[in-house]
Amino acid sequence: MTDPAIRIATLSKKFGDTLVLRDISLEVPRGQVTCLIGPSGSGKSTLLRCMAFLEEPTSGSIEIEGEPLGFTGTGSARRRQSPAELRRVRGKIGMVFQQFNLWPHMTALGNVSAALRRVRGLPRAEAEARGMAQLDKVGLKERAGHYPAQLSGGQQQRVAIARALALDPTIMLFDEPTSALDPELTGEVLTVMRALADEGMTMVVVTHEIGFAASVAHTVCFLDHGRLLFHDTPEKVFAAPREPRLEQFLDTYLDRGAQMLR
Amino acid sequence: MTWTLFELLLQASLMTILVSAVSILAGLAIAIVLSAMRMSGNAALKGFAVVFISFFRGVPLLVQLLLIFNLLPSLGITLPSLATALIGLSLCTAAYQAENLRGGFEGVAPGLIESAEMAGFTRAQSFFWIRTPIALRMTFPALVNEAILILKASSLVSVVGLIELTKMAQNLAASTYQPLPIFASAGLIYLAINVVVAFLGRRAERALPGLPSA
Amino acid sequence: MSFDFAVILARGPQILAGLGVTILIWIAGTLLAAALGFLVATARRFGGRFVDLALSLPVEILRGTPFLVQIFLLYFGGPYIGLRLDPIPAGLIGLSVYGAAYYAEIFRAGYQSVPTGHVEAAACAGFSRGQTIRFILLPEMALLVLPPAMNMAVILLKETALLSLITVPEMTMTVSAIGSQQYAFVESLVVLALVYWALVELANLLGRLAERRLSTFGTP
Chain A
1 MTDPAIRIAT
11 LSKKFGDTLV
21 LRDISLEVPR
31 GQVTCLIGPS
41 GSGKSTLLRC
51 MAFLEEPTSG
61 SIEIEGEPLG
71 FTGTGSARRR
81 QSPAELRRVR
91 GKIGMVFQQF
101 NLWPHMTALG
111 NVSAALRRVR
121 GLPRAEAEAR
131 GMAQLDKVGL
141 KERAGHYPAQ
151 LSGGQQQRVA
161 IARALALDPT
171 IMLFDEPTSA
181 LDPELTGEVL
191 TVMRALADEG
201 MTMVVVTHEI
211 GFAASVAHTV
221 CFLDHGRLLF
231 HDTPEKVFAA
241 PREPRLEQFL
251 DTYLDRGAQM
261 LR
Chain B
1 MTWTLFELLL
11 QASLMTILVS
21 AVSILAGLAI
31 AIVLSAMRMS
41 GNAALKGFAV
51 VFISFFRGVP
61 LLVQLLLIFN
71 LLPSLGITLP
81 SLATALIGLS
91 LCTAAYQAEN
101 LRGGFEGVAP
111 GLIESAEMAG
121 FTRAQSFFWI
131 RTPIALRMTF
141 PALVNEAILI
151 LKASSLVSVV
161 GLIELTKMAQ
171 NLAASTYQPL
181 PIFASAGLIY
191 LAINVVVAFL
201 GRRAERALPG
211 LPSA
Chain C
1 MSFDFAVILA
11 RGPQILAGLG
21 VTILIWIAGT
31 LLAAALGFLV
41 ATARRFGGRF
51 VDLALSLPVE
61 ILRGTPFLVQ
71 IFLLYFGGPY
81 IGLRLDPIPA
91 GLIGLSVYGA
101 AYYAEIFRAG
111 YQSVPTGHVE
121 AAACAGFSRG
131 QTIRFILLPE
141 MALLVLPPAM
151 NMAVILLKET
161 ALLSLITVPE
171 MTMTVSAIGS
181 QQYAFVESLV
191 VLALVYWALV
201 ELANLLGRLA
211 ERRLSTFGTP
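Chains as they are written, first to last, in my numbering: chain A, 1 to 262; chain B, 1 to 214; chain C, 1 to 220.
Okay, chain A solo, but in the shape it has when bound (with noise of 0.2 Å):
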């Protein structure tokens, strides 16, 4: 049996006194979708973090593909992993932010290709092709010469899931990759999830878009207060919300996501 793309086992995390992950256990199959919904505050985009080791976990465990992330042991025999064992695990993730985080001094094609040329050692011209063949996918091929703050918001979302992409990774991170964006540039980021989606890439997606949840997911985690209340798939999910929790929240957002179903 092949170990789940991410394994995540009685994590939790404090930030200071604050408890914003409590006990948290999951297991994101490869070649699916998992999304991660709740309520700002829910500890939803921190669970993401863990998942990059972006944000140390107080205490549980993290594995890639069966290989620890960020700590290897447990409890009092917990080591915390060397740089370089630590960029080898995190090179199966890719990873895109809410604020795109795109280089500002390097057009769509630098931020592309930069990682390969600086970290892979590739040569230029062919870190450029690869980049290229990237930012084509995602559409942006005509915008490779441009500078970030030359590009609309979606045009910089789709530029940073090609720079993530870049690296083939085997599993894609997003954190709210469309809460930045104005409504009508949302669109075309998600229809590039869609097509990564399509692709059988293992993807979690942190999102309040409840209409790309119900139709790309496997599997929707809805967490609340840090704690994971609920994981099934999207038809039980959204046809018959028992939880309360849930309920108020599906209220509050449902409607943006019909209007996105439209």
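I should point out that these hints are in silico values taken from the structure, not numbers from a laboratory. Treat each hint with caution, since some may be false.
To be verified - Computed, partial: chain B to chain A, Cβ under 8 Å:
| # | residue |
| --- | --- |
| 1 | 112 |
| 2 | 120 |
| 3 | 130 |
| 4 | 134 |
Stated by the list, open to error - Quick list of simulated restraints, FRET-style, between CB atoms:
| # | chain 1 | residue 1 | chain 2 | residue 2 | range |
| --- | --- | --- | --- | --- | --- |
| 5 | A | 67 | B | 124 | 32 to 40 Å |
| 6 | B | 42 | A | 27 | 40 to 48 Å |
| 7 | C | 201 | B | 33 | 20 to 28 Å |
Unchecked claim - Pulled from the structure, derived: some chain A residues nowhere near chain B, Cβ distances all over 12 Å:
| # | residue |
| --- | --- |
| 8 | 14 |
| 9 | 32 |
| 10 | 67 |
| 11 | 77 |
| 12 | 132 |
| 13 | 175 |
| 14 | 218 |
C-beta atoms are modelled at their ideal positions from N, C-alpha and C, and glycine is treated no differently.
Based on these hints, arrange chains B and C on the given structure of chain A.
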């Protein structure tokens, strides 16, 4: 005041431009290293950078130049006056540039560093390829300003015996007894160079990639 | 080669005298520079387009040329047009005029920071121009103007060292003279550097205290 005298001043101004340009670039390189030291976790490196920056910003450049000019020979190091001038000016401007860069480095959004981390950059690679270029871009106007300050400050390297614009003006003023037109001409040449540098700086600022509004 | 600081420190009274001249010229020069710079900025703000343009020329010339060239021009060139000055007055005038150009720009930025609506409101309330400056503009710009003004004062402190080159008997001239008399030039320069360093850090500290003091009463 004849054309021949003015021509001598113009020739000497090439030395002023050379010394200033080399010092600005060398100072920039040193300033980046100082910034890395200041942001490193190592207390000794950090302390060195803080004291270096405070000292070279706290002591008049004239005193720094005289000190280097006299200290090196007494330690058995003899350097031509050009090298002494370059060392003095570079160390001084490095301290000021490091202080200017501080704001730039602090202004790099944490998300940009996280995205470099996720793309596999090591701390050093991220510093060199991501943080430094962004900090430089943000503080570019301060760099142009510093270039103008150093052009003016380069007038002090006359005290270590280098014949640049101000030293040439002094020599000519003493030999021709025409200090008024000669120093006025030297001033005009400095002014002209600075106007050109400021103009080119504004052009370059517009040509550089824009910063995100966020 | 060994260094002997005792021969320098033995001349303490002379060093202190040089330090006294440095501090007096610095404080007098800075106050004059700030006052002159304020007048220039005020004239540019209220004097109409022609005054504004006419005053921008000397300001840009002074800001675009080295202080050393300016004092050489004044001290060595002045006598040729009947301006024969002793070193100390020449140094004080040079420092004040040079600093005034920078202070004029600092105050100009200060004036520009106050919204015109506030000036119009003062006019409607019957304030004279002088009262508007005194009670509206100056207090409003104080918080913005103070940091660059203190910074400029520190720059002027360091610039006073150049006055040694036109034989003003300030600290750099006094201490380096002791150094050459005693064949202890490096030692004298080290002492000099340390005293300036301490003075500059002290001035920076006072500047920060003043800013904190002002920001507790000032408008945010």
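Taking the earlier hints as the rules, which of them does this structure contradict?
Those not satisfied are hints 5, 13.
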